[in-house]
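Now for the letters of each chain:
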Amino acid sequence: MENQSCVKIINEWDIVAARQLGRNVAKELGFGTVDQARITTAISELARNIYLYAGQGQVCIEKIYDGGKAGLRIVAVDSGPGINDLRQVMEDGFSTSGGLGAGLPGVKRLMDEFLIDSNPGTGTDIKATKWLR
Amino acid sequence: MNSTILNYIQNNKDSIFNEWLDATKENADERVTKVVSDQVFIGTSREFIDLIISNIKSSNEEFTSKLSDFSEKIVRLGWPLSFVTKGLQTFGKIVFEDMQETGIVTQENQMKVIYEFDSWMTPMVNEVVNMYSSTWERTVSLQKIALQELSAPLIPVFEGITVMPLVGTIDTERAKQIMENLLNGVVKHRSEVVLIDITGVPVVDTMVAHHIIQAADAVRLVGAKCMLVGIRPEIAQTIVNLGIDLNQFTTKNTLKKGVEAALELTSRKIVNVEGVE
Chain C
1 MENQSCVKII
11 NEWDIVAARQ
21 LGRNVAKELG
31 FGTVDQARIT
41 TAISELARNI
51 YLYAGQGQVC
61 IEKIYDGGKA
71 GLRIVAVDSG
81 PGINDLRQVM
91 EDGFSTSGGL
101 GAGLPGVKRL
111 MDEFLIDSNP
121 GTGTDIKATK
131 WLR
Chain Y
1 MNSTILNYIQ
11 NNKDSIFNEW
21 LDATKENADE
31 RVTKVVSDQV
41 FIGTSREFID
51 LIISNIKSSN
61 EEFTSKLSDF
71 SEKIVRLGWP
81 LSFVTKGLQT
91 FGKIVFEDMQ
101 ETGIVTQENQ
111 MKVIYEFDSW
121 MTPMVNEVVN
131 MYSSTWERTV
141 SLQKIALQEL
151 SAPLIPVFEG
161 ITVMPLVGTI
171 DTERAKQIME
181 NLLNGVVKHR
191 SEVVLIDITG
201 VPVVDTMVAH
211 HIIQAADAVR
221 LVGAKCMLVG
231 IRPEIAQTIV
241 NLGIDLNQFT
251 TKNTLKKGVE
261 AALELTSRKI
271 VNVEGVE
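In order, the protein sequence lines correspond to chains C and Y.
Position one of the first sequence corresponds to residue 1 (UniProt numbering), numbered consecutively onward.
Position one of the second sequence corresponds to residue 1 (UniProt numbering), numbered consecutively onward.
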């Protein structure tokens with residue numbers, strides 16, 4: 001698909017590659033600097049989660065059009081251990097790795113739409129969208 | 001090495017070369033043809049063929065050193081590895097097919113020739129791939145060292161005041177270095193205030209923030225105060241969105257304001273001198 005490009009997350013430097021890609025797409029779509037920073041930060045969080053918890057996965061950046069609106073969607077997919085309690089990870093300050101625990105709830109606040117689907121043992125699938133205003 | 005193959009290649013060097021050149025040029029993608037001129041292409045190709053042939057004639061060590069020189073040259077030219085390995089394959093195929101046409105290879109000795117051929121080509125391909133990867137590995141490790149060198153310098157600017165400017169992406173490795181340099185430097189320079197400047201950090205996510213918070217905590221333990229400066233407006237917004245608590249920090253948006261605040265903390269200030277010619 002022309003509107004979608006993906007980065008495989010295998011090592012730490014792939015996180016940088018993913019957010020570089022996100023920044024470029026955001027720039028192309030005409031997002032302002034603040035939204036660009038929001039999008040790249042969100043990608044950074046999601047990609048780092050994949051690297052930290054699942055080991056490997058994929059981050060895709062999509063340009064989406066809905067009616068007159070344009071937007072950017074981040075799709076982060078992995079087949080890692082999955083998340084046991086979704087409610088718990090969406091709480092601020094919860095972390096299993098000694099981090100700040102602001103990642104997922106932070107991404108939700110950084111983006112306009114946030115969908116998370118995860119089952120223990122089968123992996124995690126996160127879709128986060130930012131609309132161009 | 002089978003002398004029939006050797007003789008054949010030596011006697012038909014030019015015709016093989018021309019055939020190979022045509023075949024390769026068709027295969028060569030833009031990456032190859034765009035970066036080099038025709039002359040360089042032909043020159044290097046000839047060298048390539050000479051090299052393949054010298055493999056038959058010269059000793060192993062001589063060939064290895066030649067091959068390493070050649071690989072380095074190719075890497076510098078920016079030729080992709082796939083092009084070179086394909087070139088080797090094409091060369092083998094041309095020689096073999098030509099030998100078949102001229103009747104040197106017959107039904108009876110076919111298997112034997114193929115076997116000979118393979119034991120000659122395969123080590124060569126391996127060697128080329130090896131050379132390539134080691135050249136790349138060296139480049140990468142050199143770059144890694146270069147990156148480490150500029151990763152986290154600590155600069156004393158006034159007595160008791162030091163600045164650590166951070167530029168670029170912060171990964172786990174760098175975060176560790178930042179922490180070490182910061183603590184060593186604070187003790188060494190007897191700093192009272194340390195300013196961490198993040199103007200050059202493109203993305204501040206929870207991990208980066210976490211590392212900075214940890215570093216600041218550690219700095220406090222050795223008896224100094226940490227200030228975070230160079231927070232751009234968009235970074236400020238993302239930090240708020242992420243819900244990261246930086247309340248224990250003094251933060252300023254520019255290094256200049258940070259230095260002023262640091263001087264104030266150490267009961268000093270910058271004044272304009274009047275009446276001096």
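Treat the hints with care, as some may be off.
Pairs of lysine to aspartate or glutamate, EDC-like flavour, derived with a Cα cap of 20 Å [said to hold, decoys possible]:
| no. | chain 1 | residue 1 | chain 2 | residue 2 |
| --- | --- | --- | --- | --- |
| 1 | C | K27 | Y | E234 |
| 2 | Y | K144 | C | D14 |
| 3 | Y | K176 | C | E12 |
| 4 | C | K108 | Y | D14 |
| 5 | Y | K144 | C | E12 |
Think of the hints as simulated: they come from the structure by calculation, not from any bench.
Just pull the numbers of the violated hints for me, sorted ascending. 4
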